[in-house]
Amino acid sequence: MELLRLATAGSVDDGKSTLVGRLLYDSKSVLVDQLAAVERASRDRGLEQADLALLTDGLRAEREQGITIDVAYRYFATPRRRFVLADTPGHVQYTRNMVSGASNAELIVVLVDARSGVLEQTRRHLAVAALLRVPQVVLVVNKMDLVDYSQAAFDEVDRAARACAAGLGVEEITAAIPISALRGDNVVDRSRSMPWYQGPSLLELLETVPVAPRPTLEPARFPVQYVLRPQTDTHRDYRGYAGQMASGILRAGDPVRILPSGHVSSVAGVDRLDETGVDVAVAGQSVTLRLTDHFDVARGDLIVAAEERAPHVGQDLLATVCWLSDRPLRNRARILVKHMTRVVPAVVGEVVDRLDLATLVPGGHPESLEANEIGRVRLRTATPLAFDTYAENRHTGCFLLIDAQDGTTIGAGMLSAPSDHAAV
Amino acid sequence: MTVADGQTLSLPMPTNLDALESEAVHIMREVAGEFERPVLLFSGGKDSMLMLHLARKAFWPAAVPFGLLHVDTGHNFQEVLDFRDRIADAYGLRLAVASVQALIDAGTLRERPDGTRNPLQTVALLDAIAEHRFDAVFGGGRRDEERARAKERVFSLRDEFGQWDPRRQRPELWQLYNGRHRPGEHIRVFPLSNWTELDVWRYVEQEEIELPSIYYAHRRQVFRRNGMWLTAGDWGGPRNDESVENRVVRYRTVGDMSCTGAVESTAVTVAEVIAELEVSRITERGATRADDQLSEAAMEDRKREGYF
Ligand SMILES: Nc1nc2c(ncn2[C@@H]2O[C@H](COP(=O)(O)OP(=O)(O)O)[C@@H](O)[C@H]2O)c(=O)[nH]1
Chain A
1 MELLRLATAG SVDDGKSTLV GRLLYDSKSV LVDQLAAVER ASRDRGLEQA
51 DLALLTDGLR AEREQGITID VAYRYFATPR RRFVLADTPG HVQYTRNMVS
101 GASNAELIVV LVDARSGVLE QTRRHLAVAA LLRVPQVVLV VNKMDLVDYS
151 QAAFDEVDRA ARACAAGLGV EEITAAIPIS ALRGDNVVDR SRSMPWYQGP
201 SLLELLETVP VAPRPTLEPA RFPVQYVLRP QTDTHRDYRG YAGQMASGIL
251 RAGDPVRILP SGHVSSVAGV DRLDETGVDV AVAGQSVTLR LTDHFDVARG
301 DLIVAAEERA PHVGQDLLAT VCWLSDRPLR NRARILVKHM TRVVPAVVGE
351 VVDRLDLATL VPGGHPESLE ANEIGRVRLR TATPLAFDTY AENRHTGCFL
401 LIDAQDGTTI GAGMLSAPSD HAAV
Chain B
1001 MTVADGQTLS LPMPTNLDAL ESEAVHIMRE VAGEFERPVL LFSGGKDSML
1051 MLHLARKAFW PAAVPFGLLH VDTGHNFQEV LDFRDRIADA YGLRLAVASV
1101 QALIDAGTLR ERPDGTRNPL QTVALLDAIA EHRFDAVFGG GRRDEERARA
1151 KERVFSLRDE FGQWDPRRQR PELWQLYNGR HRPGEHIRVF PLSNWTELDV
1201 WRYVEQEEIE LPSIYYAHRR QVFRRNGMWL TAGDWGGPRN DESVENRVVR
1251 YRTVGDMSCT GAVESTAVTV AEVIAELEVS RITERGATRA DDQLSEAAME
1301 DRKREGYF
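Listed in order, the protein sequences are those of chains A and B. Be aware that the first sequence starts at 1, since it is given in this note's numbering, and climbs by one per residue. Be aware that the second sequence starts at 1001, since it is given in this note's numbering, and climbs by one per residue.
Worth flagging that the hints you see were computed from the coordinates, not collected in a lab. Where a beta carbon is used, it is the ideal one built from N, C-alpha and C, also for glycine. Hints are not guaranteed to be accurate.
Have a look at the derived ranges for each label pair, beta carbon to beta carbon [claimed, not checked]:
1. B:Thr-1015 - A:Gly-253: 22 to 32 Å
2. B:Asp-1085 - A:Arg-229: 27 to 37 Å
3. B:Phe-1161 - A:Arg-330: 31 to 41 Å
4. B:Glu-1131 - A:Gly-253: 21 to 31 Å
Given only the sequences and the hints, what does the whole structure look like? Please build it.
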């Protein structure tokens, strides 16, 4: 059965938790003991109806404050599809958790309150969706019951949200759906209160949108995670490179290049986690590659198909960075970069510009990025990295910025083409 | 493009289990690549057997580059302990056992009035981590088990007191896992985060993974407490007002005898267990774990203190 990874986003109180609770409940994914627990907790809080938000707000602080702090992952299935849903927080302070949830999503549901329309946090979430290149963006206009299920109200929010999304670089809005999460209109079942809306309910849409194909058509990229040298009687001379195919396909016999050294070899064989040799490694698979030559290949190296488009190799990087730390990023900061299986020291050359979420225009030379801001940054790494741009490859064009002292993840970076250097 | 397209179409579509397997293997290899002293928590239960199976695949044909650690409450099922030892032996793996009973005997820990030893495991676990200087600890936790677990990262930092701070979790993006930590801190790693109970059983079926016998229906002396069937034993049950019955049951999870309940079932094969789960309307922990029913945040509180 097909799997769809999706994330929900939206400003605080726009109704995310209620929507997710409703999706789980109406698709019969809530089991009796979970429901009993929610009913008990709702009664304790003096509520008459079960508060479905309590299904997903799994932390004590979340239930006490009535807000979502961290991503909750939910697993549910309908007869047509399986879903992994990342329910992300709306509060600006917890944007880092929203970014975590959205980074692996193939589809993001952005909620907007029909009464208040597009807020700054909605803009930030649309900007993050555009930046992370989430393939599909679905706009959901919630609380339609509070605006008399009016088409005019929906159209207004829809128009404003589309304009904003386009300004931020979202290529296309997959669909826009008017709903009431509280009453269940257009969540699982189509609503009778909005005859003017002809489209599918949210769940129908989620069950039928095309799932992104695996990146098998991209050039082959194989980051080496670990070198296997058993030196046992049965495998005395065995030397295999363990890793997960980031993109493309490699077959036995294919000529390959090892980066950053540049050595050329070819694939002797592919082992699929046991004695079954399979002769082909496909994007997404964890395998072990054997090469025909014994070069010094180590964790952090990248094996690519020699006859396909080569990655960029360099130490001077330009990246769009989503800053996730409470301490600002400043020019000349020393940090660590984790790119695929390699961790290297780096120094921040300059914060080039910063996105202004009110005007949607990047502003020049801000010198620093504050928490939850997005901007372009120049970096120089201590050793060369082999990479694709994020636009070319969602797997090999991203990296983490890590605090060199306490090890915390402080930013998410997406690489641009080195030729952009001239343009900025 | 036609050549490439044709080639792609001829490749078999990966199944959901293939994808979960590749993800878990990727996570284990990241740990082996970045940490000095990893260890795999191993009780002999289904999630730990699954982890061990994945670890063996991840490093084939080399040996698994880390050992096993079990926290024994002193109230574990004998069948499962025997199974644990046999498996560790068969695969030639180092097994360290942290004993709650030993800590009680030494006076470091005191028995709780309700007799349950589950919360006491945390102390034994943290002691063992400190003693062996483990820096990465694989746990079999899955996000679908419980709503506090649903919030946990794949790489989850523990401070020098073993504590989890759910409000300050590191961002975790793409498939990039950050294993950096300071001396004294360690990382809990959950390679099965995205598996559901059904995925686990389907994989057990596909890979023919051996499990302890108590996962399958069998006759057993049990008594009813808090809506669950518990096994009679010298850990403290049954009380005078509880009566022992002979029932056909199986376990969905395996842990401390004082708080792990059995469900009535006639499923004696993996296929029958799967068929039963497909129509089940109650969660694994709800059916079988008394410790989670203590309060609304029972699991979160234990996790904060350093529990699995
Ligand atoms: N009238 C109405 N209220 C809603 C709807 N959806 C959510 N709410 C209410 O809006 C408030 C915030 O909802 P919640 O789901 O906690 O928002 P979150 O912060 O985005 O997770 C709660 O009081 C909900 O009951 C809706 O469709 N109609």
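Hint check results:
Under the hint 22 to 32 Å, the C-beta atoms of Thr-1015 (chain B) and Gly-253 (chain A), about 27 Å apart, fit the expected range. A beta carbon spacing of about 30 Å between Asp-1085 (chain B) and Arg-229 (chain A) agrees with the range 27 to 37 Å that was offered as a hint. Between Phe-1161 (chain B) and Arg-330 (chain A) the CB atoms are about 32 Å apart, so this pair conforms to the stated range of 31 to 41 Å. A beta carbon spacing of about 50 Å between Glu-1131 (chain B) and Gly-253 (chain A) contradicts the range 21 to 31 Å that was offered as a hint.
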